[in-house]
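Novice: Which chain is which? The protein sequence lines are A and B, in order. Per the UniProt record's numbering, the very first residue in the first sequence carries number 1; after that it's consecutive. Per the UniProt record's numbering, the very first residue in the second sequence carries number 1; after that it's consecutive.
These are computed hints drawn from the structure, not numbers from a lab. For each residue, glycine too, the CB sits at the ideal point set by N, CA and C. Incorrect hints may appear among the rest.
SDA-like mimics (lysine to any residue), calculated; alpha carbons at most 25 Å apart, straight line [unchecked claim]:
{"id": "1", "chain 1": "B", "residue 1": "254", "chain 2": "B", "residue 2": "208"}
{"id": "2", "chain 1": "A", "residue 1": "286", "chain 2": "B", "residue 2": "125"}
{"id": "3", "chain 1": "A", "residue 1": "291", "chain 2": "A", "residue 2": "219"}
{"id": "4", "chain 1": "A", "residue 1": "291", "chain 2": "B", "residue 2": "217"}
{"id": "5", "chain 1": "A", "residue 1": "286", "chain 2": "B", "residue 2": "254"}
{"id": "6", "chain 1": "A", "residue 1": "286", "chain 2": "B", "residue 2": "133"}
{"id": "7", "chain 1": "A", "residue 1": "63", "chain 2": "A", "residue 2": "286"}
{"id": "8", "chain 1": "A", "residue 1": "4", "chain 2": "B", "residue 2": "106"}
{"id": "9", "chain 1": "B", "residue 1": "217", "chain 2": "B", "residue 2": "231"}
{"id": "10", "chain 1": "A", "residue 1": "291", "chain 2": "B", "residue 2": "104"}
Here are some, though not all, of the chain B residues that point toward chain A, as calculated from beta-carbon distances under 7 Å [said to hold, decoys possible]:
{"id": "11", "residue": "69"}
{"id": "12", "residue": "77"}
{"id": "13", "residue": "79"}
{"id": "14", "residue": "81"}
{"id": "15", "residue": "86"}
{"id": "16", "residue": "99"}
{"id": "17", "residue": "106"}
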Amino acid sequence: MTGKRSNSIWYVSLAVIWFVILWFGLTSGSFEIGSGDLWNILQYKLGFAELKLDDLSVSVLTKIRIPRVILAAIVGASLSIAGAGLQGLFRNPLADPGLIGVSTGASAFAAFAIVLGIPALFSVSWLNMFALNVFTFIGALTVMFLAIMIAHSRGNTLLTTLLLTGIALNALGASITGLLTFLSEDEQLRNISFWMLGSLGGANWTTTLVLTIINIPVIILLLTRGKVLNALSLGEENAGYLGVNVRREKSIIIILSSLLVSTCVSLTGVIGFVGLVVPHVIRLLKGGDNKFILFNSIIVGSGFLILADTISRTIIIPQELPIGIITSLAGAPLFLYIIIKNKQKAGV
Amino acid sequence: MIRLDNISLQLNRKTLLQDISTSFIPGEHTVILGPNGAGKSTLLRVAALGIQPTGGTISYPSVDISSQAQLSKVRTFLTQQSMFNSELTVRELVFMGRYPYYHRTPDATDIEIVENALQRFSIKHLSEQKLQFLSGGELQRTHLARVYAQLFTDEQISSIRNKFLFMDEPVNNLDIKHQEELITLATELTENGVGVVSVLHDINMALHTADKLILLKKGLLAGELNPTEITENILEDLYELPFEQTGDLIFSPKRIRSKIYQIF
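Using the sequences plus the hints, can you model the full thing?
Specialist: Next comes the structure, spelled out in structure tokens:
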């Protein structure tokens, strides 16, 4: 079922669903903006029509909602393609972008910053705002390099060692976070648990632009690794015979994937399940060609996260449900359904 | 010509290959023979530069051997099949043979070469099948089609001249018909100027297809000779098992208790 016809049906349906989700994301929220308003603003910006809306609607849409939807799209695409890259590299469909401990390590650093009140140490307001993000990003990178260094042996990255290192670092990060939770006060505890469940509530043009500038090039680089991942699925030695510089490519894929997760986790907290489930679902539905999986992870992942974020901010207006709860609540049953369906199809 | 000069390989203080010098010539089928653990597969992998030797030098014609990308255009390798979890289709696996040649998308030449390979190994009807649903023999033919497709620079058969094909026990999992087809393939490739180097366990198949035999025993070169020079004594020394010649270039282990004779 990988014929040209079935592929065009797939892409057309994907595009339709994606734009419906985008429209849903832009028109839903605690502040009412209808599809007519959306159309009017679009025409106004392109110079085709007079603006019929009041200033407040315009600024809610352009200053809050649009950056947030873009942020959701990029985070979803980043986490999904990172998951696809690591699943391909480890030849394990259960690999998660947090596999080598990056997310958990970053959370431990975040909890540390929250409990010590590090953001408050900076009197300059923009530093104050981003101190937590920057601190978390440094944490994520620290864990990434630690894991890679431990798994490094004579110019080669040993994947099994990296996997085990990840398990240890994940446990270490989780226990440090646990300890800090125990030591924290009520307000801090709330902040930590909010962090652990993820939120796009901090979205504005600055965060969105920062994420765009860093992640889009990384996503594009990772996208070119489809052939390499296919070759690696035959084992490292065979990939070498197919012309792949195995040592270099392994490092590249690990670093690119972890970098994507690091930037996302430092801006939005931990959003679970997306990076695991999106590439896996694509693989179950459309086969194991990594070129296809990487590319489609971007589309499916971004759509999935825009949807999840829209639900998270509309389901209990005026409050927001942490997005991590939505992604897991929606993702897990969907995942189970597809696994069961696939089991029947395989007849085993 | 691939030249191996005084090649040694030690892993964890164990000597796997010691001081081996030989060469592989385009247009010739070289078969490596020897008992289990003699280092046959290891020699094959070292010669193909899948493993770096710890001593000695290897030279390839007009290729920078430190570049996997360049090497992949002059030699291909059929490894013994290990378990790998893949949901790829047969066609995509054969396309991997073209990975060294195209950057982003395959061109008409790549597609034609892949189609020819699918045809050549009678797996065209399986093109869209996932690998996990293939039989052992079908999977082996798919891998053969992949390494075959990798030999071509362009769709002309002349573009495979002076390239090398390494095969580690290629007849595993193949029935007698496909075994014979593999022998035909090896002959056809050598006639078109490919250097074929393989590890075979079937002595008689080796004798009937090889242009040159390399005998390995305990990591040492035990002999390098023409198939016609093989005698019972040479095989007896190599395998530490008595042999008898039962036909023209047909050798069998001396069977003291054969089931057929037990009837009488």
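Novice: Indicate, hint by hint, whether the structure satisfies it.
Specialist: Hints and how they fare:
1. Of the pairs offered as hints, the one joining residue 254 of chain B and residue 208 of chain B holds, with about 20 Å between alpha carbons and a cut-off of 25 Å not exceeded.
2. For the given pair, residue 286 of chain A sits about 20 Å from residue 125 of chain B by alpha-carbon distance, which is consistent with the 25 Å threshold.
3. About 13 Å separates the Cα atoms of residue 291 of chain A and residue 219 of chain A, which keeps this hinted pair within 25 Å; it holds.
4. Between the alpha carbons of residue 291 of chain A and residue 217 of chain B the distance comes to roughly 44 Å, so the proposed pair goes past 25 Å and is violated.
5. Between residue 286 of chain A and residue 254 of chain B, the direct Cα distance comes to roughly 55 Å. Violation of the 25 Å bound is thereby established for this hinted pair.
6. Pair hint residue 286 of chain A plus residue 133 of chain B holds up; C-alpha atoms about 15 Å apart against a cutoff of 25 Å.
7. Among the hinted pairs, residue 63 of chain A with residue 286 of chain A is inconsistent with the structure: their alpha-carbon atoms are about 38 Å apart, more than 25 Å.
8. Restraint check: the Cα-Cα separation between residue 4 of chain A and residue 106 of chain B comes to about 15 Å, which is no more than 25 Å; the hinted pair holds.
9. Taking the CA atoms of residue 217 of chain B and residue 231 of chain B, the gap is about 17 Å. The hint holds against a cut of 25 Å.
10. About 10 Å separates the Cα atoms of residue 291 of chain A and residue 104 of chain B, which keeps this hinted pair within 25 Å; it holds.
11. At a threshold of 7 Å, the smallest CB-CB gap from residue 69 of chain B to chain A is about 5 Å, leaving the interface hint in force.
12. Using the Cβ-Cβ criterion of 7 Å, the hint placing residue 77 of chain B at the interface with chain A is satisfied: the shortest such distance is roughly 4 Å.
13. For residue 79 of chain B, the interface hint holds, since its Cβ comes within 7 Å of a Cβ in chain A; the closest pair sits about 6 Å apart.
14. Annotation: interface hint on residue 81 of chain B violated; nearest CB of chain A at approximately 10 Å, more than 7 Å.
15. Below 7 Å, beta-carbon pairs count as interface contacts, and residue 86 of chain B has one with chain A at about 5 Å; its hint therefore holds.
16. Interface hint status for residue 99 of chain B: upheld, as the beta-carbon distance to the closest one in chain A is roughly 5 Å, under 7 Å.
17. For the restraint placing residue 106 of chain B at the interface with chain A, the shortest Cβ-Cβ distance is roughly 10 Å, beyond the 7 Å limit, so the hint is violated.
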